[in-house]
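Asks: This is what each chain is made of:
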Amino acid sequence: MAYKLRIRFSKYAHMIFIGHLDLMRYFQKAIRRAEIDISYSAGFSPHQIMSFAQPLGVGVYSRGEYMDISAESLTSSAQAKDALNAVMAEGVDILSVKLLPEGAKNSMASIVAASYTVTFREGCMPPFDLAETIEGFMAPPTIMMEKETKKGTRSIDLKEHIFELRTGDEPGSLYMLLDASSGGNIKPSLVYEQICSYAGHTPGKFDLLVRREDMFTTDPDAPERFVSLDSIGSDY
Amino acid sequence: MRKLALSDEILLTVDKPARYIGGEIGSIMKDKNKINIRFAMCFPDVYEIGMSHLGIQILYEMLNRMEDVWCERLYSPWTDLDAIMRKKNIPLFALESQDNVRDFDFIGFTLQYEMCYTNILQVLDLAGIPFLAKDRGPEAPIIIGGGPCSYNPEPIADFFDLFYIGEGETRYEELMDLYRKHRGLNPDNPGKDPAEDRSGFDKMAFLREAACLPGFYCPAFYEVSYHEDGRIASFAPTQEGIPAAIQKELVTDLDNAPYPTAPVIPFIRVTQDRMTLEIMRGCIRGCRFCQAGQLYKPLREKSVERLKEYAIKLMKHTGHEEISLSSLSSSDYSKLPELLDFLMEECSKKHVNIALPSLRIDAFSLDVMNKVQDVKKSSLTFAPEAGSQRMRDVINKGLTVEDILGGAREAFLGGWNKVKLYFMLGLPGETEEDIRGIAELANEIAKLYYDTVPKEQRKGKIQITVSTSFFVPKPFTPFQWAPMDPPESFLDKARICMDAVKSQLNQKSIKYNWHEADTSMMEGVFARGDRRLSAVILKAYQKGCFYDAWSEYYHHDVWLECFREEGIDPDFYTIRRREDDEILPWDFISCGVTKSFLLREWHKAQEGMVSPNCRAGCQGCGAASYQVGVCPKRS
Numbered sequence: 001m002a003y004k005l006r007i008r009f010s011k012y013a014h015m016i017f018i019g020h021l022d023l024m025r026y027f028q029k030a031i032r033r034a035e036i037d038i039s040y041s042a043g044f045s046p047h048q049i050m051s052f053a054q055p056l057g058v059g060v061y062s063r064g065e066y067m068d069i070s071a072e073s074l075t076s077s078a079q080a081k082d083a084l085n086a087v088m089a090e091g092v093d094i095l096s097v098k099l100l101p102e103g104a105k106n107s108m109a110s111i112v113a114a115s116y117t118v119t120f121r122e123g124c125m126p127p128f129d130l131a132e133t134i135e136g137f138m139a140p141p142t143i144m145m146e147k148e149t150k151k152g153t154r155s156i157d158l159k160e161h162i163f164e165l166r167t168g169d170e171p172g173s174l175y176m177l178l179d180a181s182s183g184g185n186i187k188p189s190l191v192y193e194q195i196c197s198y199a200g201h202t203p204g205k206f207d208l209l210v211r212r213e214d215m216f217t218t219d220p221d222a223p224e225r226f227v228s229l230d231s232i233g234s235d236y
Numbered sequence: 237m238r239k240l241a242l243s244d245e246i247l248l249t250v251d252k253p254a255r256y257i258g259g260e261i262g263s264i265m266k267d268k269n270k271i272n273i274r275f276a277m278c279f280p281d282v283y284e285i286g287m288s289h290l291g292i293q294i295l296y297e298m299l300n301r302m303e304d305v306w307c308e309r310l311y312s313p314w315t316d317l318d319a320i321m322r323k324k325n326i327p328l329f330a331l332e333s334q335d336n337v338r339d340f341d342f343i344g345f346t347l348q349y350e351m352c353y354t355n356i357l358q359v360l361d362l363a364g365i366p367f368l369a370k371d372r373g374p375e376a377p378i379i380i381g382g383g384p385c386s387y388n389p390e391p392i393a394d395f396f397d398l399f400y401i402g403e404g405e406t407r408y409e410e411l412m413d414l415y416r417k418h419r420g421l422n423p424d425n426p427g428k429d430p431a432e433d434r435s436g437f438d439k440m441a442f443l444r445e446a447a448c449l450p451g452f453y454c455p456a457f458y459e460v461s462y463h464e465d466g467r468i469a470s471f472a473p474t475q476e477g478i479p480a481a482i483q484k485e486l487v488t489d490l491d492n493a494p495y496p497t498a499p500v501i502p503f504i505r506v507t508q509d510r511m512t513l514e515i516m517r518g519c520i521r522g523c524r525f526c527q528a529g530q531l532y533k534p535l536r537e538k539s540v541e542r543l544k545e546y547a548i549k550l551m552k553h554t555g556h557e558e559i560s561l562s563s564l565s566s567s568d569y570s571k572l573p574e575l576l577d578f579l580m581e582e583c584s585k586k587h588v589n590i591a592l593p594s595l596r597i598d599a600f601s602l603d604v605m606n607k608v609q610d611v612k613k614s615s616l617t618f619a620p621e622a623g624s625q626r627m628r629d630v631i632n633k634g635l636t637v638e639d640i641l642g643g644a645r646e647a648f649l650g651g652w653n654k655v656k657l658y659f660m661l662g663l664p665g666e667t668e669e670d671i672r673g674i675a676e677l678a679n680e681i682a683k684l685y686y687d688t689v690p691k692e693q694r695k696g697k698i699q700i701t702v703s704t705s706f707f708v709p710k711p712f713t714p715f716q717w718a719p720m721d722p723p724e725s726f727l728d729k730a731r732i733c734m735d736a737v738k739s740q741l742n743q744k745s746i747k748y749n750w751h752e753a754d755t756s757m758m759e760g761v762f763a764r765g766d767r768r769l770s771a772v773i774l775k776a777y778q779k780g781c782f783y784d785a786w787s788e789y790y791h792h793d794v795w796l797e798c799f800r801e802e803g804i805d806p807d808f809y810t811i812r813r814r815e816d817d818e819i820l821p822w823d824f825i826s827c828g829v830t831k832s833f834l835l836r837e838w839h840k841a842q843e844g845m846v847s848p849n850c851r852a853g854c855q856g857c858g859a860a861s862y863q864v865g866v867c868p869k870r871s
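So the sequences go chain by chain: A and B.
The letter at position 68 of the first sequence is residue 68 when you use this note's numbering, and the numbering goes up by one with no holes.
The letter at position 449 of the second sequence is residue 685 when you use this note's numbering, and the numbering goes up by one with no holes.
Simulated from the structure, these hints should not be mistaken for laboratory data.
Remember, it's a predicted structure, so these values are computed and weren't measured experimentally.
Heads up, the beta-carbon is just placed ideally off N, CA and C, and yes, glycines get one too.
Hints should not be assumed to be uniformly reliable.
[Stated by the list, open to error] Listed below are the simulated DSSO-like cross-link pairs for lysine-lysine, each with C-alpha atoms no more than 27 Å apart in a straight line: (1) A:Lys29 with B:Lys607; (2) A:Lys11 with B:Lys607; (3) A:Lys29 with B:Lys585; (4) A:Lys29 with B:Lys613; (5) B:Lys656 with A:Lys29.
[As the list claims (entries may be wrong)] Per the computed footprint, the stretches of chain B lying under chain A, defined by three or more beta-carbons under 8 Å from a beta-carbon of chain A, are: (6) 501-507; (7) 672-686; (8) 756-765.
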């Protein structure tokens, strides 16, 4: 029987320029180098059983990326984490390796929300007061907008997809907790564009520095509305 | 944390930013304060091509083993970034340090194909380095070229300070020693900033001594005079003590030569995205069109023990999902069955695929292919190179119709039904009959399939792909004297071949592709060109030509215009037949095989006579002077 492991990792420095497919290839090689006993599919060109919670856009930093893998045998959380960190390139750190309980849904299927810290590149701070503007922006009962999807545009109430929006702990930053479900995923840049549009400001294409902080699912037994994907598994 | 040379805005604007950020697993970082010599090793093409090249990885490994030398990688920025760098005046940088390469001590260019020449100028231009060696003072990096095209370096002689003739593993240590001496650098007490003032550096004195090291050629110390008809009248050193001839350098102990078992692993998918295990160097086959076959003589095998060790290390250090054997003719490796057995066992444990190089199709290779590939998806590859036996004898391709049909029959019985066939058009003395032979051979293979495999066992139709390229005569081959076909005749020949394919009974099973003729012509000009072409190349670059190896960026009309403006007739280098006694631009290089041997082979070709391979009977080519490998030992 195979074991399900959840790996949390960060992405920073030059690695933010590595796209999702290349990051998958990077991890496939890293897992071989770290000699993790990953499960393979059958057939002439077997591939590793591996899935990611959600792709991260090119240029976006993260402290909370998740990848689930299937393993044939176990050592320990600490051993696996150290072995992987020993073969990482600068710009990706393995933060935790946890064993998922039997029957746990994989991260891709269970993700419902993601949190972000948004800061501004030098000289790209918006001309308006962040706290005041957000308050005004979030005041109406609905925030209707046209969202572009693969099938054309559709009208959505953005407010339904914003679970939390406030100024961040770092000065001049924003904290966003947004819908990350497969049907309702919202990017922080979209929220910022809407805030700007509300404030009558035209943002630049590269104004934002976005860092994904964590990804969340729901747990009916937990008191919080959202629980971190990291808290589903446990050390082994 | 490394600071990148390009801003986030630029990196998020260009295609594949990972081409420019470095930081890959296996890339080597060094402390600048402990370095004497900064070396940028450049493959003048896009990252994905350059990163696929084993030679650069070998030299990268070798140079970085020298403690006070830091060798970094450098590739041509793709056209999108090129435009941004020009517009914003961003200087070209090496991948590891992200520092401007103009401040480096050396830039080495590997010259793998002629059509990359304008990209050398692109790299110099973006770095802010003068194009011509004579315009570069002591402050500029030493520009050095190596690789197959350096066996006729003359068309790009004006751009280079030095060329390295031969296999790179042997003489760089001496060159670095010489450079340290002339710059007053102490290897035991490094840390002199190479970017600092080099005005005290007597570059010419350094080059003069370098030109006397084995394997190095400094074009500035040689003078060429020409006959009125354009042929070379003389080629000689201009100074006392500069050698009149340069002897090719060759690794005599491959087992103990530097080899990268922890190579750089690209983040993005590159052309050769796998582990490469070089099993031997050189080739016993004497195909008369093949330059590599002559340049790397004699054949030297690595021991199977060493190869097993390398394979294990490569798998451990890279994590690649595929391994490939590299050599000119892997079927000739004497311990191939032992090596493949070992690899099949180790690779299946580690879920690593084995990519088979073009092995000779026989019972052994089919058995191996059957074990490591999905027969349904894989295809058989034959490279008969010529369609008729007569023509195959002329080119000394030791492959008969019986070999091909015998291999194909076994393969069809084993379940294969895809065949790829590679040929050349425009071989010396080619007739229409030889061309039609290509189509006839393809038809025969198709017929064999239907005769061999009973209807109920067939998994679909046979699929035969015939590809032809245009023959380009290369220096140091018996065909270096041969006239090359003009582009018009190439296209006529492709049409004849196409018509012949169409007239075959099994034409529906045969797909025919041919190569473009214009680039082949230009490749032919530069392959056998002389020094006068430097001016044309510079002019073409200044008119916007680069990435000529990419057909979408190749502008034949601009090139022709540059030839006209420089008063140089490109046909002089291609369609003209050279007499046996003509002084060829590359005659000052001795590549191991003698000119008299090549001439003998040229004459035998014209008589349609074949020569046996090195193992079957030594032909006295001259490579035995290296006293290594397959050559008979002197008593």
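Asks: The structure should be examined with respect to each hint, and the outcome stated for every one.
Replies: Verification of the hints:
1. The suggested pairing of Lys29 (chain A) with Lys607 (chain B) holds, with an alpha-carbon distance near 24 Å, which does not exceed 27 Å.
2. A threshold of 27 Å between alpha carbons decides the hint, and for Lys11 (chain A) with Lys607 (chain B) the separation of about 40 Å lies outside it, so the pair is violated.
3. Annotation: proposed proximity of Lys29 (chain A) to Lys585 (chain B) holds, straight-line Cα distance about 15 Å (limit 27 Å).
4. With a CA separation close to 25 Å, the supplied pair Lys29 (chain A) and Lys613 (chain B) stays within the 27 Å bound.
5. The suggested pairing of Lys656 (chain B) with Lys29 (chain A) is violated, with an alpha-carbon distance near 32 Å, which exceeds 27 Å.
6. Check on the region 501-507 of chain B: 4 of its residues sit with their Cβ under 8 Å from a Cβ of chain A, so the three-residue criterion for coverage holds.
7. Check on the region 672-686 of chain B: 0 of its residues sit with their Cβ under 8 Å from a Cβ of chain A, so the three-residue criterion for coverage is violated.
8. Figure legend: the region 756-765 of chain B, annotated as covered by chain A; annotation inconsistent (0 residues with Cβ-Cβ distances under 8 Å, at least 3 required).
Consistency with the previously given hints fails for numbers 2, 5, 7, 8, ordered from lowest to highest.
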